[in-house]
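Based on the provided sequences and hints, a complete structural model is requested.
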Amino acid sequence: MATSEKNILNRMYLVAGGMFLFALFVAFKLCNIQLAEGDKYKELAEARTERMFTIPANRGNLYAGDGSLLATSVPKYDVRFDALAPKQADFEENIQGLAKGLSEQLGKPVAHYTEVLRKARVNKNRYLLLARNLGYSKYLAIKKLPLFNKGPYKGGIITEQRTVREHPLDKIAERTIGYDRLTEHGRYSEAGLEGAFGPYLRGKEGHRLKQRIAKGQWKPIGDDNIVEPQDGYDVISTIDVNIQDIAHHALLESLEKFEADHGCVVVMDTKSGEVKAISNLGRTEDGGYYEDRNYAVYESAEPGSTFKLMAMVAALEDRVIDTTDIIDTENGRVRFYNRTVYDSHWGGYGKISAARAFELSSNTAFAKMINEGYKDDPKRFLKRLYNMGLNDKLGLEIKGEGSPRFPYPGDANWYGTTLPWMAFGYGVSLTPLQTLTFYNAIANDGEMVKPRFIKEIKKWDVSIQKFEKEVINPAICSQTTIDKVQDMMKHVVERGTGNNIYSKNFSMAGKTGTCQTEYWKEEGKYIASFAGYFPAENPEYSCIVVIHKPNKKIGYYGGTVAGPVFRKIAQKIYSDTPVIDEVKLAEANPETVEQDFETYFEKAQNAEKTIPNVRGMSGMDAISLLENLGLQVEFKGNGKVKSQSLQAGQKISKNQKIILQLS
1 MATSEKNILN RMYLVAGGMF LFALFVAFKL CNIQLAEGDK YKELAEARTE RMFTIPANRG
61 NLYAGDGSLL ATSVPKYDVR FDALAPKQAD FEENIQGLAK GLSEQLGKPV AHYTEVLRKA
121 RVNKNRYLLL ARNLGYSKYL AIKKLPLFNK GPYKGGIITE QRTVREHPLD KIAERTIGYD
181 RLTEHGRYSE AGLEGAFGPY LRGKEGHRLK QRIAKGQWKP IGDDNIVEPQ DGYDVISTID
241 VNIQDIAHHA LLESLEKFEA DHGCVVVMDT KSGEVKAISN LGRTEDGGYY EDRNYAVYES
301 AEPGSTFKLM AMVAALEDRV IDTTDIIDTE NGRVRFYNRT VYDSHWGGYG KISAARAFEL
361 SSNTAFAKMI NEGYKDDPKR FLKRLYNMGL NDKLGLEIKG EGSPRFPYPG DANWYGTTLP
421 WMAFGYGVSL TPLQTLTFYN AIANDGEMVK PRFIKEIKKW DVSIQKFEKE VINPAICSQT
481 TIDKVQDMMK HVVERGTGNN IYSKNFSMAG KTGTCQTEYW KEEGKYIASF AGYFPAENPE
541 YSCIVVIHKP NKKIGYYGGT VAGPVFRKIA QKIYSDTPVI DEVKLAEANP ETVEQDFETY
601 FEKAQNAEKT IPNVRGMSGM DAISLLENLG LQVEFKGNGK VKSQSLQAGQ KISKNQKIIL
661 QLS
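full-length UniProt numbering puts the first residue of the sequence shown at 1, with every later residue one more than the last.
Hints should not be assumed to be uniformly reliable.
Stated by the list, open to error - Here are the simulated DSSO-like cross-link-like pairs (lysine-lysine), alpha carbons at most 30 Å apart as the crow flies:
id: 1; residue 1: K572; residue 2: K552
id: 2; residue 1: K204; residue 2: K76
id: 3; residue 1: K450; residue 2: K568
id: 4; residue 1: K138; residue 2: K642
No lab work stands behind these hints: they were computed from the structure.
Given below as structure tokens:
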């Protein structure tokens, strides 16, 4: 008996000792939490009830030179429904009105929304998606619908807002406008002007402390933000919306006609270097075209015969040739080592001057001219090209500029045939914008200016930074050489390989280019190009057109494929600034002139004006024509005219309105 009592006491002592030790451990832990780890657990508790939220800054707008919007930020809304939030009586009372309102705003039948809402109620769906990407006005209209007008807790409406970047010009210049996106890794993915000037456009994020309340909602603590957001600056580009539209549609028309793989156009102001238009279009699998990659900036390729201008300038400057020197093109076939240079004209051109060889784009003449002039010192030819700035990047703000490539004597890829092949644009590599910059220098009497995409950065009406003209090389060559090649480029259009684009109404100067591409894979793929400027006498704009892999069966020469694009751009820009010819008038009787004018004016006033058929015309041309006839024009969309609200041929009445639907 005594033994049993002793065992019981031992057990009690053991239990009491364990409880004492446990109490000591709890007390120690409490002290440790309070003193050593108190801050840590306090932060964890606050994190569950309080959180610092980021307030996105309003991104700045990107404008064209005339103030037209190229890119802007707009709010978009998703609308969802918490089917368990409304009371049953409220749900039944308002479901028909809600379904009818949703049908009117979103387009689907009333029965569809009635079924969807009831099904969500039965399935206890608390996050039913009803609509995505709504604009602000439609979002407000949906908030006012029956049931939803009771708010999120009684009506069940859930709205989610986000800001998206929109391009008012739609796909026109989309790649040049570019993007500036924050990736999941916290880095910015940048392209085009949006990416190049992202630090200005982004602004600075703000921060605000919020407290967690019921149903996962967060309420701001206090009335002020911890850090106020700062709006991004506005960026004013050099793009001219009118010229951009002209260039885009002229390029698109040629790509479609010749079933080409891709192409680009750049139009630049001669004196300032401001890029007025840049279009890059690539072919889709279904045969359409869209703004794909910035070919004008990044795609470095063999320029073909447009490089003959660089070769001619180098040869004239180094006095290895003069424009009057005679070159024998033989039979249009000249052999260098184990390879043969061919002229596109079968049988060659006979004996012609160097200037005429440029006009006719003779490969054999240029190969012989450059080879004979530099074969004893080929480094001299490369040095001249380097001195003209052709081996350097332009240093554009837009990322991804392609690198020029020139072989150099002594390199592993320098062969006996390299020098003569360089003469007509093979073995070298330039981007379209690099080529245009050189052509623009010729138009600008030798001054090479850097292509410029941005005019100014502004905060509201306050200028933050202005971008002025930047001179790369004040004189790429002598004025004597400039004068000679300007004449030759003008003659290319008047009587050379570009004579199919000649117009007596306005003057142009330039050079055609046709070269094979991917010839190391297979034959029959070409790059067609045309580079030049207009007017020829006092150049205002330079322009380059490059089209890759046109359908050979339809056409592939630069003068046929790219030249008409150049002409159309020049012509339409000219039509906005008509050429005024000064003519000497014969003496006339003032009385007769006055009578004739009055008769003409009376007839013009009495003549009936009728609605023209503008279907198929570009939107800008059609609008200009109709407004000049006194019509009030409204239009929808971009591109060419698909339909018009007034029938062609009917009489025009005063203040009449016409609506155009564009493609």
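How the hints compare with the structure:
1. K572 x K552: With a Cα-Cα distance of about 28 Å, the restraint between K572 and K552 holds, given a limit of 30 Å.
2. K204 x K76: The given pair, whose Cα atoms are some 21 Å apart, holds under the 30 Å limit.
3. K450 x K568: 25 Å, holds
4. K138 x K642: 28 Å, holds
Checked against the numbered hints given earlier, the structure satisfies every one of them.
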